[in-house]
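Enquirer: Below, each chain spelled out in residue letters.
2 protein chains.
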Amino acid sequence: MVNIAVLGYGTVGSGVVEVINTNHEIVNKRAGQEIHIKYVLDLRDFPGDPVTEILTHDFNDILTDDDVKVVVEVMGGVEPAYTFVKKCLLAGKSVATSNKELVAAHGPELLSIAKENAVNFLFEASAGGGIPIVRPLNSSITADDITGITGILNGTTNYILTKMSNEGADYDTVLKQAQELGYAERNPEADVEGGDACRKIAILTSIAFGKHLDYARIHTEGITKITAEDFKYAKSMNATIKLLGTTKNVGGTLYSFVAPMMLPNTNPLYGIDDVFNGILVHGNVVDDIMFYGRGAGKLPTASAVVSDVVDAVKHMGTNIMTIWDDEALEMGDFADLTNRFFVRVSGGSEMKEKIEEIFGKVQFITTHEVAGELAFITENMTEAAFDTKKKEFEYVINVIRVAF
Amino acid sequence: MVNIAVLGYGTVGSGVVEVINTNHEIVNKRAGQEIHIKYVLDLRDFPGDPVTEILTHDFNDILTDDDVKVVVEVMGGVEPAYTFVKKCLLAGKSVATSNKELVAAHGPELLSIAKENAVNFLFEASAGGGIPIVRPLNSSITADDITGITGILNGTTNYILTKMSNEGADYDTVLKQAQELGYAERNPEADVEGGDACRKIAILTSIAFGKHLDYARIHTEGITKITAEDFKYAKSMNATIKLLGTTKNVGGTLYSFVAPMMLPNTNPLYGIDDVFNGILVHGNVVDDIMFYGRGAGKLPTASAVVSDVVDAVKHMGTNIMTIWDDEALEMGDFADLTNRFFVRVSGGSEMKEKIEEIFGKVQFITTHEVAGELAFITENMTEAAFDTKKKEFEYVINVIRVAF
Numbered sequence: 045m046v047n048i049a050v051l052g053y054g055t056v057g058s059g060v061v062e063v064i065n066t067n068h069e070i071v072n073k074r075a076g077q078e079i080h081i082k083y084v085l086d087l088r089d090f091p092g093d094p095v096t097e098i099l100t101h102d103f104n105d106i107l108t109d110d111d112v113k114v115v116v117e118v119m120g121g122v123e124p125a126y127t128f129v130k131k132c133l134l135a136g137k138s139v140a141t142s143n144k145e146l147v148a149a150h151g152p153e154l155l156s157i158a159k160e161n162a163v164n165f166l167f168e169a170s171a172g173g174g175i176p177i178v179r180p181l182n183s184s185i186t187a188d189d190i191t192g193i194t195g196i197l198n199g200t201t202n203y204i205l206t207k208m209s210n211e212g213a214d215y216d217t218v219l220k221q222a223q224e225l226g227y228a229e230r231n232p233e234a235d236v237e238g239g240d241a242c243r244k245i246a247i248l249t250s251i252a253f254g255k256h257l258d259y260a261r262i263h264t265e266g267i268t269k270i271t272a273e274d275f276k277y278a279k280s281m282n283a284t285i286k287l288l289g290t291t292k293n294v295g296g297t298l299y300s301f302v303a304p305m306m307l308p309n310t311n312p313l314y315g316i317d318d319v320f321n322g323i324l325v326h327g328n329v330v331d332d333i334m335f336y337g338r339g340a341g342k343l344p345t346a347s348a349v350v351s352d353v354v355d356a357v358k359h360m361g362t363n364i365m366t367i368w369d370d371e372a373l374e375m376g377d378f379a380d381l382t383n384r385f386f387v388r389v390s391g392g393s394e395m396k397e398k399i400e401e402i403f404g405k406v407q408f409i410t411t412h413e414v415a416g417e418l419a420f421i422t423e424n425m426t427e428a429a430f431d432t433k434k435k436e437f438e439y440v441i442n443v444i445r446v447a448f
Numbered sequence: 045m046v047n048i049a050v051l052g053y054g055t056v057g058s059g060v061v062e063v064i065n066t067n068h069e070i071v072n073k074r075a076g077q078e079i080h081i082k083y084v085l086d087l088r089d090f091p092g093d094p095v096t097e098i099l100t101h102d103f104n105d106i107l108t109d110d111d112v113k114v115v116v117e118v119m120g121g122v123e124p125a126y127t128f129v130k131k132c133l134l135a136g137k138s139v140a141t142s143n144k145e146l147v148a149a150h151g152p153e154l155l156s157i158a159k160e161n162a163v164n165f166l167f168e169a170s171a172g173g174g175i176p177i178v179r180p181l182n183s184s185i186t187a188d189d190i191t192g193i194t195g196i197l198n199g200t201t202n203y204i205l206t207k208m209s210n211e212g213a214d215y216d217t218v219l220k221q222a223q224e225l226g227y228a229e230r231n232p233e234a235d236v237e238g239g240d241a242c243r244k245i246a247i248l249t250s251i252a253f254g255k256h257l258d259y260a261r262i263h264t265e266g267i268t269k270i271t272a273e274d275f276k277y278a279k280s281m282n283a284t285i286k287l288l289g290t291t292k293n294v295g296g297t298l299y300s301f302v303a304p305m306m307l308p309n310t311n312p313l314y315g316i317d318d319v320f321n322g323i324l325v326h327g328n329v330v331d332d333i334m335f336y337g338r339g340a341g342k343l344p345t346a347s348a349v350v351s352d353v354v355d356a357v358k359h360m361g362t363n364i365m366t367i368w369d370d371e372a373l374e375m376g377d378f379a380d381l382t383n384r385f386f387v388r389v390s391g392g393s394e395m396k397e398k399i400e401e402i403f404g405k406v407q408f409i410t411t412h413e414v415a416g417e418l419a420f421i422t423e424n425m426t427e428a429a430f431d432t433k434k435k436e437f438e439y440v441i442n443v444i445r446v447a448f
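Going down the list, the sequences are from chains A and B.
Add 44 to the 1-based position in the first sequence for the working numbering, that's all there is to it.
Add 44 to the 1-based position in the second sequence for the working numbering, that's all there is to it.
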């Protein structure tokens, strides 16, 4: 029997307890021994909940109990999670976490402490929720030189964009609905401004390339400027708009960014709707691989956390090799990345000449559903070049990068 | 440095050599040490190929060389692969194989020998080609009670069905094209009659449920009876036709079968075209997860084989827990499985009464592109019940199960 403790009895924490209780037979079989939850840490009380019997308000109860071999950290946020996790690892306890803020900020240090102490720091749920992606990147896609990762990594924004696409509704209306349904937070900034996706692509990139990509270095744009009109143009091109976190190798230089993009219906990520997430990995020999599933939610996230607990139990006393050095991953300057840009400008056909004068050869896009403006897609150009051109042209309404 | 040997220098074997040579830097880093190919076994000679320097015609050179710690078996077929693999495992060498016939027939025995000898028997490439699915089932989806696996598991048939769908062409025409392009064998039976998909779903099911599913017990139908007309009906319903290997838990009983099915455009497998494969796994807590990628081909398959070599090197001296007992997996009788059936019958509207008399309440499907016949979808009924009804009705042209 292995004793574990759960730090935090919120949505994911109560999900972890539920998954271990519901699936105990199969989980114990796969772990090779019985997994027993000895403590749940939370500052709150939960009168009437069976968790009361194992609830503690004092982290030291867990830290000083040598019987506890695996600790689940599902509190979220950097502190006190960071302090608690570090102490657990130093005390010879493995840790499984769903906390992307913690992993993105302190992943390499915590991995290194785990290694020194012959325990494990596992974080399958921190990127992609229930989707197995961290462990496959770490132990399945090991024969490839990975040349790109691009993913729909945030369920809230994908839900909003899917509703906008299906209903022709505008951003504010859909956000409000999403908030009422509990799919978006009251303060939705971390999701809609791309910060959540940014941390997730930072984690996946670091694992895939073996060095640390600080999320603060990733150019990040959210979905708040996307409009119903943008979707009308997208549809006219058999495309849709998705918020993507992307890292790609262009001629030996890595670039990483988070931004909404126009995706053609031939892209494997095109059909991934609602709260589902999808991550496309490209390797130089395996070509495209895609992983799809629920990127968030109580039980899917808990499923990934418990799979880490199982792995920790199977590897008691042995550190699972994870290559994520503290050394900064060398990245290209975002200004040098080339993209094609979909641009909407106010005005009529008299503007075409001026547009081509500034933006060069472009492909004009028309849809009978939008009037009083022009839209076009540029050729490939650097972000810096596009930025300069955009500043020269005062009529721009909106810009979305194009993945075709 | 770890010495390895490759048994078989055919398509996959030469791919394995190519992947290890091309990606040696990253592969060695992920393995934690240098992987060195000491021998390649093949009965043929390859004049001018650098492999000549390490080529042997004698398996005993490899078996008796204690320096060889990992053996790659990519010869295909049950014998002599089975004898060679067994000897290697007994001699304390780990084995990585892409050989689905071998794994489906002797998986549990070889896993058990590997365990007794503290080595590993790994077979990521045996189901799903380059797609990571065996390792994720074994070590990622460990918190779930798996309730279903369904997959497009054969690239040849998916290529044929995709061409039939896109071009409105008939089966024989497309098969011939596929043979000319090398996507189908001259003797295509193993692919088009479903035998390949059958072995793959047997492997995935055994891993997911921990006991042995003998592939010979799986009801298997191929795609040879699918016609251009069937696709016309499918399109009229926003559906397509895919060859699926399926195992599902219905009320506590497992059923497994391979057959072409009508898939609606809302199914995550709907858009998986050409030689790509996709595997949808459903767990009771994680919900749907899908894995997508190249299910065959020299380099993608070699990528999966080499990832097994890396795993074997990382786990030198330690057996990776794989639950696949020799005990037979308890399965329901295929006759008791319920499905809905799409049925085409010759005749006109005068037949409707007779159809409903025999098949019960049905949903008639019309497309202006097909004349002189009627088509309908039944309610859910057991395979046995449908079979009886079909025998009562002499006008049936074709039948395809429906996944909606």
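Rather than coming from a laboratory, the hints here were simulated on the basis of the structure.
Be aware that a few hints might be false.
Note that identical chains are pooled: a pair holds if it fits in a single copy or bridges any two copies.
Pairs of lysine-lysine, DSS-like flavour, derived with a Cα cap of 27 Å [to be verified]:
| id | residue 1 | residue 2 |
| --- | --- | --- |
| 1 | 82 | 358 |
| 2 | 73 | 292 |
| 3 | 292 | 342 |
| 4 | 130 | 358 |
| 5 | 398 | 433 |
| 6 | 73 | 255 |
| 7 | 358 | 73 |
| 8 | 255 | 433 |
| 9 | 358 | 159 |
On a predicted model such as this, the values are computed, not experimentally measured, just so you know.
Enquirer: Evaluate each hint against the coordinates.
Expert: Each hint, compared with the structure:
1. 82 - 358: Within one copy, since 19 Å is at most 27 Å while 32 Å is not.
2. 73 - 292: between (40 Å within a copy, 20 Å between copies)
3. 292 - 342: between (31 Å within a copy, 24 Å between copies)
4. 130 - 358: Result: close both inside a copy and across copies, 21 Å intra and 26 Å inter.
5. 398 - 433: Within. Shortest intra-copy distance 11 Å satisfies the 27 Å Cα cut-off; inter-copy 71 Å does not.
6. 73 - 255: For residue 73 and residue 255, the Cα distance is within 27 Å only across copies (12 Å; inside one copy 35 Å).
7. 358 - 73: both (11 Å within a copy, 24 Å between copies)
8. 255 - 433: Intra 35 Å, inter 63 Å, cutoff 27 Å: neither.
9. 358 - 159: For residue 358 and residue 159, both the intra-copy (16 Å) and inter-copy (15 Å) Cα distances are at most 27 Å.
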